[in-house]
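Residue numbers (numbering that gives the first Met the number 0), protein chains in the order written: chain A, 0 to 283; chain B, 0 to 291.
Please note: incorrect hints may appear among the correct ones.
Cut-off 16 Å, straight-line C-alpha distance, at most; resulting in silico cross-link-like pairs (EDC-like, lysine to aspartate or glutamate) [unchecked claim]: (1) A/15 <-> A/61; (2) B/97 <-> B/112; (3) A/98 <-> A/129; (4) A/88 <-> A/30; (5) B/29 <-> A/50; (6) B/201 <-> B/215; (7) A/88 <-> A/50; (8) B/41 <-> A/211; (9) B/201 <-> B/104; (10) A/15 <-> B/291; (11) B/97 <-> B/117; (12) B/272 <-> B/291; (13) A/15 <-> A/73; (14) B/29 <-> B/16; (15) B/131 <-> B/147; (16) B/41 <-> B/287; (17) A/15 <-> B/289; (18) B/97 <-> B/197; (19) B/264 <-> B/281; (20) B/97 <-> B/71; (21) B/29 <-> A/73; (22) A/49 <-> B/281; (23) B/29 <-> B/179; (24) A/49 <-> B/71; (25) B/15 <-> B/197; (26) B/29 <-> A/54; (27) B/41 <-> B/291; (28) A/49 <-> B/117; (29) B/29 <-> A/61; (30) B/131 <-> B/103.
Computed spacing ranges between beta-carbons, pair by pair [said to hold, decoys possible]: (31) A/257 <-> B/40: 49 to 55 Å; (32) A/129 <-> B/167: 31 to 37 Å; (33) B/138 <-> A/31: 50 to 56 Å; (34) B/281 <-> A/129: 43 to 49 Å; (35) B/200 <-> A/63: 43 to 49 Å; (36) A/30 <-> B/138: 35 to 41 Å; (37) A/227 <-> B/244: 38 to 44 Å.
Bear in mind the hints are in silico, worked out from the structure with no lab data behind them. Cβ coordinates follow ideal geometry from the N, Cα and C atoms, glycine included.
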Amino acid sequence: MRIAVAQCSPALGAVKRNLDMHRTWIARAREAGAQLVVFPELSLTGYYLKDLAADVACAADDAQLAPLAEASRDLDVSAGFVERSADAKLHIAQGYWSKGRLVHVHRKVYLPTYGIFDDGRYFGPGDRFEPFTSAAGTVGVAICEDLWHVSTPYLYAAAGATIVLAPSASPGRGVAEGGDLGTAESCRLMDRFYAQYLTLYVAFVNRVGHEDGIAFWGGSEIVAPDGTVVARAKEFEEELLVGEIDTELVGRERARNPLLRDEREDLVLRNIAGRLGLPLERRD
Amino acid sequence: MTSTLARTGVIKPDPKDPSPLRIDEVLVRKMLVLFIRDETTKAGLKRAVVGVSGGVDSAVTVALAGEALGAENVLGLFTPYRHSSAESRAHAKALATKLGFTLEEVPITKQIEAYFADNGGDTAHRVRVGNKMARERKSIEYDRSWPDGLVIGTSNKTELLLGYGTQFGDMACAINPIGDLYKTQLRELATHLGIPGEIVRKPPTAELWVGQTDEDELGFTYADADLILYHMVDRRLRPSELIAAGFDAALVTRIREMVRKSHYKRVMPLIAKVSLRTVGHDFLYPRDWEAD
């Protein structure tokens with residue numbers, strides 16, 4: 000099964016233009032034979048929105064997102080937008096459209112608010128990590144900073160995910176001599192570690208382009224459960240990255256290396272519950 | 000993995016070891032060319048205007064602008080005052096010939112002298128005259144950027160952090176590709192870009208008065224300042240930690256104070272807040288706010 004990563008450069012605050020851009024990339028993914036195309040974080044709006052966040056926000060079932068539902072009739076689409084919840088909170092959201100309808104929304108849980116990031120000023124956090132069924136198998140969505148928290152892919156793997164989609168807006172920084180871009184090194188280490196030790200696919204979906212002087216570095220990649228890089232996009236340039244997901248490989252790797260089977264979730268839970276002073280009833 | 004840790008993990012400040020300042024020139028060049036191209040195009044413009052002094056900062060800037068937009072879309076302005084050196088002119092011209100951009104010479108002597116004839120004459124402090132010259136030059140760059148060009152800044156990270164520049168003068172610009180690179184790093188990038196060695200190696204000067212050099216006026220070298228600033232700013236070490244590591248205590252304290260006192264130059268003017276929503280305080284839209 001083939002998936003596509005749309006390493007694109009959304010226009011900041013220009014939702015209509017970005018919708019057109021999505022239609023173009025979806026068509027390209029379709030031509031490439033992909034059954035799923037994944038766009039980066041906030042692909043319909045741009046990332047450093049500041050006060051624009053409220054201007055571009057909409058409900059997940061808003062009519063302005065209908066073109067994505069329409070485009071998803073013959074291949075699945077995962078794209079980012081600012082969701083205004085029923086109680087008027089703003090969230091960084093990643094929708095998943097399949098067979099003409101919205102089937103899942105993940106709200107970014109970890110909102111970086113330090114250094115060059117200010118998510119927590121403008122957005123409210125999501126409160127769950129729910130895997131769901133996708134064209135690529137059981138999937139968990141980790142939006143950018145979500146993936147940097149070890150517990151996120153762990154919880155997804157524990158709940159049955161065989162692929163983690165990580166739509167991101169990762170700014171490139173760190174240009175010291177003698178290596179790769181600092182951010183790229185960190186992300187690649189993370190992708191490979193999670194893939195290999197949770198024995199699942201990781202699709203890191205980054206954007207390119209600039210917003211207010213900050214460069215998003217691209218370098219999207221699909222890493223297999225055995226740690227190999229299935230496909231990797233160029234840095235700083237737009238690219239439709241296509242890669243094959245071998246659903247059997249997850250089984251083979253888990254047979255060879257049954258870390259997840261042997262995982263003691265009950266111990267994790269008791270340990271954390273005890274430390275937080277939460278009551279935990281035994282079910283035996 | 001060892002190299003990664005050595006580069007970004009362990010901090011070993013040493014006044015004699017300049018290696019922490021080394022950059023990956025290929026990567027930086029790519030990032031800065033894309034930055035100029037993307038931010039210029041997004042502003043709906045296509046040309047760059049750069050004040051070319053004959054020094055290394057403007058040489059790097061004009062080279063990057065040429066790569067980003069094509070040399071035919073870059074206008075270099077050499078704006079000499081009567082005491083500007085023949086060497087500066089020769090270096091500016093050599094650069095234009097090598098890189099292929101248009102270089103125009105716009106002297107500023109007449110207007111500077113006309114102004115000071117009625118405003119202090121020979122008694123005007125040289126810093127006033129120097130500031131006036133810097134602002135005159137920038138005013139010409141902005142004039143020549145109309146209608147489809149962008150003024151590209153040439154202030155490096157060392158100057159910005161020390162406040163060693165004229166506010167709304169040489170520090171003014173629409174976008175600045177080199178403002179996150181220390182002088183030492185700019186020299187490295189300049190060599191990588193093929194900027195002639197005599198431009199890279201000559202003592203930096205703003206030529207605001209005869210015989211002025213940056214390092215004489217500052218009282219320390221860029222090499223020393225850059226290493227202190229790198230550890231203080233980029234690696235977030237406290238002055239006490241730098242002094243403990245062997246950096247000169249007086250110099251660390253002096254540089255820290257220069258950074259503090261000049262911070263007003265690096266931010267937008269303060270606006271008194273009286274209303275419910277105020278530019279700069281809680282009316283916070285991105286500059287790259289695009290039309291739908």
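To see whether the hints hold, each was checked on the structure:
For the hint pairing residue 15 of chain A with residue 61 of chain A, the CA-to-CA distance comes to about 14 Å; that is within 16 Å, so the pair holds. The suggested pairing of residue 97 of chain B with residue 112 of chain B is violated, with an alpha-carbon distance near 33 Å, which exceeds 16 Å. The suggested pairing of residue 98 of chain A with residue 129 of chain A is violated, with an alpha-carbon distance near 20 Å, which exceeds 16 Å. Proximity of residue 88 of chain A to residue 30 of chain A is assessed by CA-CA distance (about 38 Å); at most 16 Å being required, the pair is judged violated.
Taken as a hint, the residue 29 of chain B and residue 50 of chain A pair is broken in the structure, with Cα atoms around 31 Å apart against an allowance of 16 Å. For the suggested pair residue 201 of chain B and residue 215 of chain B, the alpha carbons sit about 13 Å apart, so the restraint of at most 16 Å is met. The suggested pairing of residue 88 of chain A with residue 50 of chain A holds, with an alpha-carbon distance near 14 Å, which does not exceed 16 Å. This hinted pair checks out: residue 41 of chain B and residue 211 of chain A have alpha carbons roughly 10 Å apart, not beyond 16 Å.
Taking the CA atoms of residue 201 of chain B and residue 104 of chain B, the gap is about 22 Å. The hint is violated against a cut of 16 Å. Note on residue 15 of chain A and residue 291 of chain B: the hinted pairing holds, with a Cα-Cα distance of about 6 Å set against a maximum of 16 Å. Pair hint residue 97 of chain B plus residue 117 of chain B does not hold up; C-alpha atoms about 42 Å apart against a cutoff of 16 Å. Annotation: proposed proximity of residue 272 of chain B to residue 291 of chain B is violated, straight-line Cα distance about 31 Å (limit 16 Å).
Of the pairs offered as hints, the one joining residue 15 of chain A and residue 73 of chain A is violated, with about 22 Å between alpha carbons and a cut-off of 16 Å exceeded. For a cut-off of 16 Å, the pair hint linking residue 29 of chain B to residue 16 of chain B is broken: about 27 Å separates their Cα positions. This hinted pair does not check out: residue 131 of chain B and residue 147 of chain B have alpha carbons roughly 26 Å apart, beyond 16 Å. Under the criterion of a C-alpha separation no larger than 16 Å, the hint pairing residue 41 of chain B with residue 287 of chain B is consistent with the structure, at around 7 Å.
Distance restraint check for residue 15 of chain A and residue 289 of chain B: the Cα-Cα separation of roughly 11 Å lies within the 16 Å cut-off, and the hinted pair is therefore satisfied. For the given pair, residue 97 of chain B sits about 14 Å from residue 197 of chain B by alpha-carbon distance, which is consistent with the 16 Å threshold. Between residue 264 of chain B and residue 281 of chain B the CA atoms are separated by roughly 21 Å; this puts the pair beyond 16 Å, and the hint is violated. With a C-alpha separation of about 13 Å, the suggested pairing of residue 97 of chain B with residue 71 of chain B holds against the 16 Å cut-off.
Restraint check for residue 29 of chain B and residue 73 of chain A: not satisfied, since their Cα atoms lie roughly 38 Å apart, outside the 16 Å limit. Distance restraint check for residue 49 of chain A and residue 281 of chain B: the Cα-Cα separation of roughly 10 Å lies within the 16 Å cut-off, and the hinted pair is therefore satisfied. A distance of roughly 14 Å separates the Cα atoms of residue 29 of chain B and residue 179 of chain B; the hinted pair therefore holds under the 16 Å criterion. Under the criterion of a C-alpha separation no larger than 16 Å, the hint pairing residue 49 of chain A with residue 71 of chain B is inconsistent with the structure, at around 36 Å.
Taken as a hint, the residue 15 of chain B and residue 197 of chain B pair is broken in the structure, with Cα atoms around 25 Å apart against an allowance of 16 Å. The suggested pairing of residue 29 of chain B with residue 54 of chain A is violated, with an alpha-carbon distance near 34 Å, which exceeds 16 Å. Restraint check for residue 41 of chain B and residue 291 of chain B: the C-alpha separation of about 13 Å stays at or below 16 Å, so the hint holds. Using a Cα cut-off of 16 Å, the hinted pair residue 49 of chain A and residue 117 of chain B is violated, with the two alpha carbons roughly 48 Å apart.
Between residue 29 of chain B and residue 61 of chain A the alpha-carbon distance is near 40 Å, which puts this suggested pair outside the 16 Å criterion. For the suggested pair residue 131 of chain B and residue 103 of chain B, the alpha carbons sit about 21 Å apart, so the restraint of at most 16 Å is broken. Between residue 257 of chain A and residue 40 of chain B the Cβ separation comes to about 52 Å, which falls inside the hinted range of 49 to 55 Å. Between residue 129 of chain A and residue 167 of chain B the Cβ separation comes to about 53 Å, which falls outside the hinted range of 31 to 37 Å.
Checked against the hint of 50 to 56 Å, the pair residue 138 of chain B and residue 31 of chain A passes, with Cβ atoms roughly 53 Å apart. Under the hint 43 to 49 Å, the C-beta atoms of residue 281 of chain B and residue 129 of chain A, about 35 Å apart, miss the expected range. The hinted window of 43 to 49 Å between residue 200 of chain B and residue 63 of chain A is violated, with their beta carbons roughly 58 Å apart. For residue 30 of chain A paired with residue 138 of chain B, a C-beta distance near 53 Å fails the hint of 35 to 41 Å.
In this structure, residue 227 of chain A and residue 244 of chain B meet the distance hint of 38 to 44 Å, their C-beta atoms being roughly 43 Å apart.
Hints 2, 3, 4, 5, 9, 11, 12, 13, 14, 15, 19, 21, 24, 25, 26, 28, 29, 30, 32, 34, 35 and 36, counting from the list given before, are not met by this structure.
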